[in-house]
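Peer 1: Each chain, written out:
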Amino acid sequence: MTVKKTSKTDLDVDYVARLANLPLTLSQRKKFAGQLSQVLEYVSQIQKQDISGVTETAQVSGQENVMREDEVKPGLTQEEALANAPSVHNGFFRVNYVFEE
Amino acid sequence: MDICSLTIRQAKEALDRKEFSAIELVEACLENSTKYDGILKALLTVDVDGARQEASAADRLRAQGVSKPLLGIPFVLKDLYTTKGLRTTAGSKIIDNYTPPFDATVVVRLKNAGAVILGKANQDAWGHGSSGENSDYFPTKNPYDTSRVPGGSSSGSAVAVASGMCLAATGTDTGSSVRLPASFCNLVGIKPTYGRVSRYGIIAMASSFDTIGHMTKTIWDNALVYEITAGKDPLDASSVDRSVPRYTQALGKAISGVKIGLPKEYFSSKGIDSSVFTATKDAIKELEALGAMFVEVSLPHTDVAMACYYILVPAEISSNLARFDGIRYGYGREVLGEEAKRRITMGTHALSSGYYDAYYKRAAKVRTLIKNDFDEAFQHVDVILIPASPATPFKIGEKTQDPLAMYLSDIFMCPVNIAGAPALSVPCGFVDGLPIGFQLIGPQFEEERLYQVGYAYEQEAPWYKTKPDLKKVIRTI
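Protein chains in written order, with our numbering: chain H, 60 to 160; chain W, 20 to 496.
Hints listed in this document are in silico derivations from the structure and should not be mistaken for laboratory results.
Incorrect hints may have been included.
[As the list claims (entries may be wrong)] Computed list of lysine-lysine pairs in DSSO-like fashion (alpha-carbon distance at most 30 Å, straight line):
no., chain 1, residue 1, chain 2, residue 2
1, H, K89, W, K380
2, H, K132, W, K103
3, H, K107, W, K414
4, W, K414, W, K289
5, H, K90, W, K380
6, H, K89, W, K103
7, H, K90, W, K283
8, H, K90, W, K418
9, W, K54, W, K414
10, H, K107, W, K300
11, W, K283, H, K107
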């Protein structure tokens with residue numbers, strides 16, 4: 060069952076959950092549709108703000124092109140890197156297959 | 020006397036005078052956690068053996084004449100701080116079983132300064148919250164009134180300091196998460212300038228907003244810890260290469276002639292509780308008596324700041340949390356808590372094709388306007404003062420069913436993160452036994468001013484001496 064789009068804000072929870080690879084229960088989908096349409100309505104007040112001639116701010120400290128020396132330094136060992144993995148095989152992370160025949 | 024109720028400064032002196040040892044101090048903190056944490060729920064992981072070993076090592080070093088700024092001082096770390104060999108959950112059960120193979124840069128720095136790491140603090144999962152109730156484990160309770168929230172998201176950190184389970188605790192502040200719990204628990208909290216403290220090894224919430232701060236009882240303690248954590252880190256490209264002042268040396272300087280701005284958009288807000296308003300006015304009078312000058316300033320885009328924040332931050336959250344897939348560590352995405360899922364949904368929507376321009380891009384432009392507001396105000400004043408929160412700590416459960424009401428708890432704080440400015444939360448009184456605080460905001464990298472003004476106030480109004488009644492906490496069983 061899919062949850063209907065909320066009219067005012069156009070939030071399609073099912074579609075967005077698919078984009079984010081986010082498993083939601085039916086009750087969460089219903090709940091989020093209501094709660095987030097309220098939040099979206101609130102944040103939509105930025106639509107009224109005049110932004111003509113204004114550029115975006117993506118970072119606030121004014122730094123540009125931060126460089127460092129390209130030096131080899133010790134990192135994690137293979138054993139350390141795999142220590143928390145739920146499933147390993149021959150020293151690699153084991154993952155679910157992503158392609159179907 | 021409970022030696023855990025000492026400030027860092029007092030404990031350092033007492034350790035140097037051999038009034039007690041680092042191991043005795045750690046044992047006293049552990050005892051407090053045993054006594055009170057069954058009710059307060061501040062800690063997720065306690066490293067009893069590790070803390071005892073580090074404290075014994077600190078005692079040996081001190082006996083050899085070694086001096087370090089935090090030698091033997093017990094700390095608790097927010098669970099977003101990656102700790103080598105010590106479970107790190109971010110307050111989220113999706114990584115309930117994660118034991119990191121490395122330390123965050125700030126953790127390395129604290130350890131090098133001699134700090135004893137006692138454990139990891141409960142928090143709103145990933146930093147998503149203002150009350151501590153979004154922890155995937157359990158809500159933390161305010162030691163001043165256990166029916167109320169301690170503020171979030173660094174909820175356990177604040178409560179651990181306020182109830183004597185440690186002498187200082189670390190937090191992160193993306194929108195309020197150090198300052199709100201500090202002000203709800205009668206503590207001093209620093210929200211650093213963006214880029215002042217390394218984010219390396221701190222599990223990310225919203226990368227262009229996250230700042231790495233801490234909470235202490237006093238301004239001096241806070242400034243001391245900041246001297247250690249601040250500074251460029253090659254492992255965090257956004258950390259800024261700028262010398263770190265000796266912040267403790269700015270303390271005690273007179274504040275006569277310091278110009279403090281009162282933004283009219285905040286003080287004319289109908290949302291401020293009268294008790295908070297009165298306490299703030301009293302603090303202003305106190306500062307005036309010390310020679311500070313107050314002038315009205317304007318931050319004209321205040322009314323759209325929360326809207327801007329709640330578009331940009333969930334967008335960055337949805338991107339950062341995409342990496343949690345249960346392949347390299349942790350569990351699958353179905354285990355994510357409800358608030359994380361809510362914010363991922365919101366953020367993904369704001370970034371999705373067809374909505375990106377209307378939400379994300381537009382909010383990024385509004386961000387420029389808000390940052391300009393602060394830059395413009397600081398052309399006229401040295402610092403800005405506003406209440407930390409429009410109200411005192413709210414009841415547990417009061418806002419959990421209404422995410423928008425919960426989001427708006429931070430209304431006086433998020434604009435600072437949008438601008439990347441530093442802010443210091445300072446205790447300024449009580450109403451009905453509940454703490455109230457104000458915050459001082461400065462231009463980027465001018466934390467010294469905040470500490471200077473805060474310290475001058477604290478000398479006249481040492482609210483940190485008012486402790487919670489922990490006997491009453493035990494009686495609430």
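Peer 1: Are K90(H) and K283(W) close enough, with their CA atoms no more than 30 Å apart?
Peer 2: violated, 37 Å
Peer 1: Within a Cα-Cα threshold of 30 Å, do K132(H) and K103(W) meet the stated pairing?
Peer 2: Holds: K132(H) and K103(W) sit about 18 Å apart, inside 30 Å.
Peer 1: Given the hinted pair K283(W) and K107(H), is their Cα-Cα distance within 30 Å?
Peer 2: Measuring from Cα to Cα gives roughly 22 Å; hence the hint holds.
Peer 1: For the pair supplied as a hint, K107(H) and K300(W), is the alpha-carbon distance within the 30 Å limit?
Peer 2: Given pair K107(H), K300(W) is violated - Cα atoms ~34 Å apart, limit 30 Å.
Peer 1: Straight-line Cα separation of K90(H) and K380(W) no greater than 30 Å?
Peer 2: With Cα atoms ~27 Å apart, K90(H) and K380(W) stay inside 30 Å; holds.
Peer 1: Keeping to a limit of 30 Å between CA atoms, is the pair of K107(H) and K414(W) held or broken?
Peer 2: Outside the cut-off at roughly 35 Å; violated.
Peer 1: Would you mind confirming whether the straight-line C-alpha gap from K89(H) to K380(W) stays at or under 30 Å?
Peer 2: holds, 28 Å
Peer 1: Has the given pair, K54(W) with K414(W), been kept, meaning a C-alpha gap of at most 30 Å?
Peer 2: holds, 23 Å
Peer 1: Is the straight-line distance between the alpha-carbon of K89(H) and that of K103(W) 30 Å or less?
Peer 2: violated, 40 Å
Peer 1: With the threshold set at 30 Å, check whether the alpha-carbon distance from K414(W) to K289(W) stays at or below it.
Peer 2: At roughly 21 Å apart (the allowed maximum being 30 Å), K289(W) and K414(W) satisfy the hint.
Peer 1: Taking only the CA atoms, is the gap from K90(H) to K418(W) under or equal to 30 Å?
Peer 2: holds, 15 Å
Checked against the numbered hints listed earlier, the structure breaks hints 3, 6, 7 and 10; every other hint is satisfied.
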